[in-house]
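Each chain, letter by letter, is given below.
There are 2 protein chains.
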Amino acid sequence: MNDNFVPLSKDCLTDMKSVQDTLYVLGGKWKMLIILSLRNGNRRYREIARSIPGISLRMLSKELKEMELNKLVVRTVYTDPVVLVEYTLTEYSETLWPIVGAMIHWAKNHKQVIR
Amino acid sequence: MNDNFVPLSKDCLTDMKSVQDTLYVLGGKWKMLIILSLRNGNRRYREIARSIPGISLRMLSKELKEMELNKLVVRTVYTDPVVLVEYTLTEYSETLWPIVGAMIHWAKNHKQVIR
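If you read the protein sequences in the order shown, they are chains A and B.
Letter 24 of the first sequence, counting from 1, is numbered 24 in the numbering used here, and no numbers are missing.
Letter 21 of the second sequence, counting from 1, is numbered 21 in the numbering used here, and no numbers are missing.
For the record, the hints were derived by calculation from the structure and aren't laboratory data.
Possibly wrong hints are sitting among the right ones.
[Stated by the list, open to error] Below are the DSSO-like pairs computed for lysine-lysine, each with C-alpha atoms no more than 30 Å apart in a straight line:
| no. | chain 1 | residue 1 | chain 2 | residue 2 |
| --- | --- | --- | --- | --- |
| 1 | B | LYS71 | B | LYS17 |
| 2 | A | LYS71 | A | LYS29 |
| 3 | B | LYS62 | A | LYS108 |
| 4 | A | LYS71 | B | LYS108 |
| 5 | A | LYS29 | B | LYS65 |
| 6 | B | LYS71 | A | LYS62 |
| 7 | B | LYS108 | A | LYS108 |
| 8 | A | LYS71 | A | LYS17 |
| 9 | B | LYS108 | A | LYS29 |
| 10 | A | LYS29 | A | LYS17 |
| 11 | A | LYS17 | A | LYS65 |
| 12 | A | LYS71 | B | LYS29 |
| 13 | A | LYS71 | B | LYS10 |
| 14 | A | LYS65 | B | LYS111 |
| 15 | A | LYS29 | A | LYS108 |
| 16 | A | LYS17 | B | LYS71 |
| 17 | B | LYS29 | A | LYS111 |
| 18 | A | LYS17 | A | LYS62 |
| 19 | B | LYS29 | B | LYS111 |
| 20 | B | LYS17 | B | LYS108 |
| 21 | B | LYS17 | B | LYS29 |
[To be verified] Selected chain A positions facing chain B (in silico; Cβ < 8 Å):
| no. | residue |
| --- | --- |
| 22 | ASP15 |
| 23 | THR22 |
| 24 | LEU23 |
| 25 | VAL25 |
| 26 | LYS29 |
| 27 | LEU33 |
| 28 | LEU36 |
| 29 | ALA49 |
| 30 | TYR92 |
| 31 | THR95 |
| 32 | PRO98 |
| 33 | VAL100 |
| 34 | TRP106 |
| 35 | ALA107 |
| 36 | ARG115 |
Every value quoted in this text rests on a predicted model; they were computed, and no experiment measured them.
Where a beta carbon is used, it is the ideal one built from N, C-alpha and C, also for glycine.
The task is simple: from the sequences and hints, build the whole structure.
In structure tokens, the structure reads:
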């Protein structure tokens with residue numbers, strides 16, 4: 001055992017677990033972009049898909065289902081006059097804005113730093 | 001063209017790009033955990049590896065190199081009395097705390113919401 005080894009405090013491991021949990025719910029390439037698209041007013045499946053460069057319909061479907069399970073998105077089916085499916089952000093999804101906002105801010109600053 | 005289609009504003013596309021940039025620099029399973037480990041005082045390669053459950057030495061090495069390029073981490077080599085390599089967070093890495101802090105906070109709240 002190395003004398004210089006500093007074990008993580010219980011809290012740090014808890015923090016790691018929390019970051020992992022958040023990455024599990026929000027991670028990957030697409031979920032935050034879907035949230036931005038919905039926030040910008042897109043509601044229908046193909047509208048959302050068209051607004052996100054590079055996403056496949058299959059991936060969008062998978063991501064929306066996971067986001068629904070996590071109460072970030074609501075899927076509403078209208079049947080009159082025709083069947084219409086819409087996705088909207090939940091009020092709860094607003095708890096994500098500190099994360100999304102911080103990421104947007106950070107990227108802009110980082111560009112200046114590494115250029 | 002669907003009449004209901006709401007095109008993204010230029011700003012929303014810019015925001016998507018920013019989120020993508022941040023995910024590119026910080027994304028994946030490990031980088032934020034490495035930051036938490038370093039912040040908790042771990043400096044040497046094997047200490048860092050031991051503090052993060054499941055990371056391989058090869059992955060840690062790859063991630064640390066990328067983080068060095070992004071000025072988040074500094075690698076210092078001491079040669080006296082023996083060769084010793086240490087990693088520390090840069091002052092600049094502190095700009096990440098709003099993101100990491102928001103993620104830690106969000107996970108704790110989310111657990112209550114979905115249980």
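Okay, the hints, checked on the actual structure:
1. Between LYS71 of chain B and LYS17 of chain B the CA atoms are separated by roughly 21 Å; this keeps the pair inside 30 Å, and the hint holds.
2. For the hint pairing LYS71 of chain A with LYS29 of chain A, the CA-to-CA distance comes to about 19 Å; that is within 30 Å, so the pair holds.
3. Note on LYS62 of chain B and LYS108 of chain A: the hinted pairing holds, with a Cα-Cα distance of about 24 Å set against a maximum of 30 Å.
4. Distance hint between LYS71 of chain A and LYS108 of chain B is fulfilled; the C-alpha atoms sit about 15 Å from each other, no more than 30 Å.
5. Distance check on the hinted pair: LYS29 of chain A and LYS65 of chain B sit about 22 Å apart at the alpha-carbon level, within 30 Å; holds.
6. Proximity of LYS71 of chain B to LYS62 of chain A is assessed by CA-CA distance (about 35 Å); at most 30 Å being required, the pair is judged violated.
7. A threshold of 30 Å between alpha carbons decides the hint, and for LYS108 of chain B with LYS108 of chain A the separation of about 28 Å falls inside it, so the pair holds.
8. Straight-line distance between C-alpha atoms of LYS71 of chain A and LYS17 of chain A comes to about 21 Å, which keeps the hinted pair within the 30 Å bound.
9. Only pairs whose Cα atoms come within 30 Å are accepted, and LYS108 of chain B paired with LYS29 of chain A is accepted, the gap being roughly 23 Å.
10. Proposed proximity of LYS29 of chain A and LYS17 of chain A is supported: the alpha carbons are some 20 Å apart, at most 30 Å.
11. Taking the CA atoms of LYS17 of chain A and LYS65 of chain A, the gap is about 24 Å. The hint holds against a cut of 30 Å.
12. A threshold of 30 Å between alpha carbons decides the hint, and for LYS71 of chain A with LYS29 of chain B the separation of about 23 Å falls inside it, so the pair holds.
13. For a cut-off of 30 Å, the pair hint linking LYS71 of chain A to LYS10 of chain B stands: about 28 Å separates their Cα positions.
14. Distance restraint check for LYS65 of chain A and LYS111 of chain B: the Cα-Cα separation of roughly 18 Å lies within the 30 Å cut-off, and the hinted pair is therefore satisfied.
15. Of the supplied pair hints, the one linking LYS29 of chain A and LYS108 of chain A holds, its CA atoms being roughly 18 Å apart against a limit of 30 Å.
16. Of the supplied pair hints, the one linking LYS17 of chain A and LYS71 of chain B holds, its CA atoms being roughly 25 Å apart against a limit of 30 Å.
17. A hinted pair counts as satisfied when its Cα atoms are at most 30 Å apart, and LYS29 of chain B with LYS111 of chain A qualifies at roughly 23 Å.
18. For the suggested pair LYS17 of chain A and LYS62 of chain A, the alpha carbons sit about 24 Å apart, so the restraint of at most 30 Å is met.
19. With a C-alpha separation of about 19 Å, the suggested pair LYS29 of chain B and LYS111 of chain B falls inside the 30 Å cut-off, and the hint holds.
20. Our distance criterion of 30 Å between C-alpha atoms is met by LYS17 of chain B and LYS108 of chain B, whose separation comes to about 28 Å.
21. At roughly 20 Å between alpha-carbon atoms, LYS17 of chain B and LYS29 of chain B fall within 30 Å of each other, so this suggested pair holds.
22. Using the Cβ-Cβ criterion of 8 Å, the hint placing ASP15 of chain A at the interface with chain B is satisfied: the shortest such distance is roughly 5 Å.
23. Given hint, THR22 of chain A at the interface with chain B, holds; its Cβ is 4 Å from that chain's nearest Cβ, closer than 8 Å.
24. Interface restraint check for LEU23 of chain A: the shortest CB-CB distance to chain B comes to about 7 Å, inside 8 Å, so the restraint holds.
25. Here the hint on VAL25 of chain A is kept, as its CB sits about 6 Å from the closest CB of chain B, short of 8 Å.
26. Hint status for LYS29 of chain A relative to chain B: holds, with the closest Cβ pair at about 7 Å, below 8 Å.
27. Nearest Cβ of chain B to the Cβ of LEU33 of chain A: about 5 Å, under the 8 Å cut. The hint holds.
28. Interface hint at LEU36 of chain A: satisfied, since its Cβ lies 5 Å from the closest Cβ of chain B, which is below the 8 Å cut-off.
29. With its C-beta approaching chain B no nearer than about 11 Å, ALA49 of chain A sits outside the 8 Å limit, and its interface hint is violated.
30. Interface restraint check for TYR92 of chain A: the shortest CB-CB distance to chain B comes to about 6 Å, inside 8 Å, so the restraint holds.
31. Evaluation of the THR95 of chain A hint against chain B yields a held restraint, the C-beta minimum of about 6 Å falling below 8 Å.
32. Hint on PRO98 of chain A holds. Least Cβ distance to chain B is approximately 4 Å, under the 8 Å limit.
33. Hint status for VAL100 of chain A relative to chain B: holds, with the closest Cβ pair at about 7 Å, below 8 Å.
34. For TRP106 of chain A, the interface hint holds, the least distance from its beta-carbon to any beta-carbon of chain B being 5 Å, beneath 8 Å.
35. Taken as an interface hint, ALA107 of chain A checks out: its beta carbon lies about 4 Å from the nearest beta carbon of chain B, inside 8 Å.
36. The restraint placing ARG115 of chain A at the interface with chain B is violated, with a minimum CB-CB distance near 11 Å, outside the 8 Å limit.
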